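Number of protein chains: 2
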Amino acid sequence: MTIKEQAAVMKLNSTKMAVTTLEERNRALEGIREALLAHKEEIFKANKEDMERAGKEGIAAPILKRLKFQEEKLQEVTTGILDLIGLPDPLGKEQMRRELDRDLLLIRESCPIGVIGVIFEARPDAMVQIASLCIKSGNCAILKGGSEAMKTNKKIFEIIYQAAAAAGMPENCMFQIEARSDITELLECHESVDLLIPRGSNEFVQYIMNHTKIAVMGHADGICHIYADKTLDLDKAIPVILDSKTQYTAVCNATETLLVHKEIAGELLPRLNEALRAKNVEVRGTKEVRQIVECEPATEEDFSTEYLDLILSVKIVEDIQEAVDHINKYGSHHTDCILTEDPKAARLFMQYVDSAGVYQNCSTRFADGYRYGFGAEVGISTGKLHARGPVGLEGLCTYKYKLFGNGNIVADYAEGRKQFHFKDL
Amino acid sequence: MTIKEQAAVMKLNSTKMAVTTLEERNRALEGIREALLAHKEEIFKANKEDMERAGKEGIAAPILKRLKFQEEKLQEVTTGILDLIGLPDPLGKEQMRRELDRDLLLIRESCPIGVIGVIFEARPDAMVQIASLCIKSGNCAILKGGSEAMKTNKKIFEIIYQAAAAAGMPENCMFQIEARSDITELLECHESVDLLIPRGSNEFVQYIMNHTKIAVMGHADGICHIYADKTLDLDKAIPVILDSKTQYTAVCNATETLLVHKEIAGELLPRLNEALRAKNVEVRGTKEVRQIVECEPATEEDFSTEYLDLILSVKIVEDIQEAVDHINKYGSHHTDCILTEDPKAARLFMQYVDSAGVYQNCSTRFADGYRYGFGAEVGISTGKLHARGPVGLEGLCTYKYKLFGNGNIVADYAEGRKQFHFKDL
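Residue numbers (my numbering), protein chains in the order written: chain A, 1 to 425; chain B, 426 to 850.
Honestly, the hints are just simulated from the structure, not real lab data. Errors might be hidden in some of the hints.
[Claimed, not checked] Incomplete in silico selection of chain A near chain B, CB under 10 Å: (1) Lys11; (2) Asp194; (3) Lys213; (4) Thr231; (5) Asp235; (6) Val240; (7) Ser244; (8) Ala250; (9) Cys362; (10) Tyr401; (11) Asn406; (12) Gly407; (13) Ile409; (14) Phe420.
[Claimed, not checked] Cβ-Cβ distance ranges computed for the label pairs, FRET-style: (15) Lys423/A - Asp849/B: 24 to 34 Å; (16) Gly168/A - Glu628/B: 38 to 48 Å; (17) His211/A - Phe845/B: 33 to 43 Å; (18) Ala414/A - Gln716/B: 50 to 60 Å; (19) Pro722/B - Thr21/A: 38 to 48 Å; (20) Phe845/B - Glu178/A: 28 to 38 Å; (21) Asp849/B - Thr21/A: 17 to 27 Å; (22) Asn202/A - His846/B: 31 to 41 Å.
From a predicted model like this one, the values you see are computed outputs, not experimental measurements. Positions of the beta carbon are idealized from the N, C-alpha and C atoms, including for glycine.
Take the sequences, apply the hints, and build the full model.
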C-alpha cells in the first residue's frame, strides 16, 4: 500500500481509536512500557549499529548524544510512560454544559483530533514519547524519525506497535515511515491527515508549511529574550541569565538576547560579563554595551539570529517599552522573561509581550512540556492558533458539540413561539 | 499606504488593543450602538443605493434579502451589540493555575489572537457583528465585505470606526478593504495577520486556503445529515427533518441527506414524503427508497452535494454503523443528527460521528453561534484545530503562559537539587 492508501485506511479506523476507554489506553501504555523493558537488549543493539554508522559518517557530537539510546534513556522514557499513565483522561472532558432551553442541552466535550503525522529528529526517546502521547490522547499516528536513528526507531516502533495491538488498540492505529521521500507523499495526505507536527530546524518546518494543505503545528525560530529591568535583584538575575543561556544551548528555549535597562547596565554588565566568560559565552554588545564592558560588536543581524550556541547578544534599552517593542519585533513569540522585583513592571511586560511564554524571574529554559507538568510534549508551538507553547495531551485534542433535544426545531425560536434561556449548568 | 503597510502598522499597535480593559471595550460597543442608531438614515440611504444597483444587475432574490439593511436589521444588530456587552470578558481568563514548585507559579491566561482578517458576504449586518466581536475580544480587524453592499459597508464602517476611536479604542484598530483585488494583497500579509476568516462559497474558502501562508479558519461544505434510527419517535422526527431541510435552505447547517434505518423506512418515508412535498422539497432516493415512495433517483454524486436548495437525498441503511460510516465518508464534519429514543444509540452515534456538532432529536439548524449562546459568530469552523463549530468570542482568543519565579533556574531541577511538585491551585 502507498502511504496515501495507508493513511486513508487509518483515517477510517481513527474513530475506533477515538472511542477507546482510558483503561484500554492506559493498559496499552503499560504494555508498551513492559515490552520496551523486556526487549531492551534488541533496542540497545540496534542503537549501537546506528551509533557506529553515525560515528563513521562524522555526525556532530550533540547529535550523537541525542541519538544514543541505552539504559539511562530507557529508564527515562519508561518512567515518562508511567507519568503519562497517571495523568487524567484528556478525552471526554466536559468543557461546557449549557441549557439552551428547558429541553435542549448543549455539551462541549474533548475528543481526539484523529490522524496526526509527526516528523521528528534522530532521537529514539522522541519516538517513545510521541507514540505514547498519541495513544493516551486517542489519536492515530504516522511517525517519521530522523534517519540517523533508523535501526533504533524501527525496533522501537515494532515493539510499541505490537504491544499496543496486543493490549487491544485498533489495528493500524499507528505506522512508521522511514524514507525521506516518504515525507513528500505524507504531505499530500490532506484528505486523511488532520495535523502535521514537524520538529527540527526552522527551514525544515517552513518547508513543510509551504508544501502541504494539512494544518501544521510547529515552531519557527526560538529567539528568546531576557529583559533586565532597573528594579531587578542582581543575585537572582545573574544565575537566571546564565541558566537561560548555558544550561542547554542547542534548544529553542535557550535565551539568545539580553536587553538591559540603562539604569542597571553599569551595575549588572561587569558582573555578568565575568560570569558569562567563565562559562565560555561570547558576548556581542551594541556600542552602548561596549562602553561598559569589553565584548564583540553586535549587528542588527545578531538580534534576528537563533544562535543555538554559547553566544549572547546584548543591548541597552531606555525603558520597558523599548524592551517590549524590541522583543515583539525581533523575537519569535516563543518565551521571554523580565527580571524585576516590581510587580507592575512584570504585569506590563507580560501584557505587552506577544509570546507563548512570558516569565518573571526565572529561566527561559522552563518552557517545556515536562516542566509544565504535561508529562511530555510533542513540540512547542510558536503559532497562536489551537495550541501555544509546549504542546502536551491537551494540544492533541479538539472538541465536539453534543446537542440533546426533544424534537426541537429552529422555526419555533425564529418565529417567537419559544425563547432560548442559555443557562450554564 | 499599501494594505501590507497598513497591516504592519496594525500589527505593531495590536498590543495596545490587547490591553484595553473590558470597560473600555464595552464602552466602545455602546458608542457604536448609539452611533448606528443616530446615523441610521445615512445607512439606510446608502443601502437603498446598493439595493437599487443590485436590482438593476439582476442579483438573485436571496442575496437581495441578505443585502437589505433597514430598520428591522438595524434593530437586530443593535440588540446583538447589547447582548455582546452583557457577555463576560473573554480576555484574561485563567485557564490554568499550577504551582510547578513552591516559588514557581504557572498561569495560563486567555488573550487576543492579534490581527484578524475577515472576508464576508454582502450582508451589512455581518459587518456590524464581526467588528463588534473583534472589539469585544481585543483583536484588530481587517474587514472586507461583499461588493454588492459596498456603499452600506462603507457607511457602517465609518460610523463604527469613528465611534470606537471616540470611545478610546486605539487608532487603526480596524480598517476596511473594498476592492476584490485588495484580497490578493491581504493574502500576502502573513507577517502581520494572524488569522484569516473567509466566509462564502466552498470554492472561495478553498481558494483562500490555497493562496496564503496565513492560518485560515473557515468551513468547507456544509453537508449535514440526519440519521433516522429504528427507535425514533415519528412525531418528533418529521418536524425535525422538515425544519432541518426547509427552515432556511441556503445555509450550511441545513440538512442535505437523510439516512433511514431499514426497519423504520416503511413507516417513516410515506408520511415524510407527503410532508416534504407540501413544503416543495424534491426527494432524491436510492433504489430501496424508491421501492417505498415515489421520488427522483439519487446518484453517488448526490451524497457529496451541498444543495443549499429544497432538495433532500435519502438512503436506507442496515444499521447505525452504516449510517456513521456514510456520514464520516460523505459528510463535511459540520453537524449531523440522530433521531432516536434510545440513549445507547445516541451515545454510539455521537462518539463515532466525526463532526463539530453531533445532535440527538433536534434540527441541524441549531448549529449557530447565536443559538449556542455565543452572542454572535464570525463563522462556523469545519476544521478541527483551534475552534470547531460556531466560532464566537472564545474562538477569537488564544492564550499565553505566565510563569512567576523567584530566580528559579533549570539546572537545579535537571541536576536533582530541586523537584517539581505540580500542584493545581
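key: Structure versus earlier hints - violations, ascending order   = Per hint list: 4, 8 and 18 violated.
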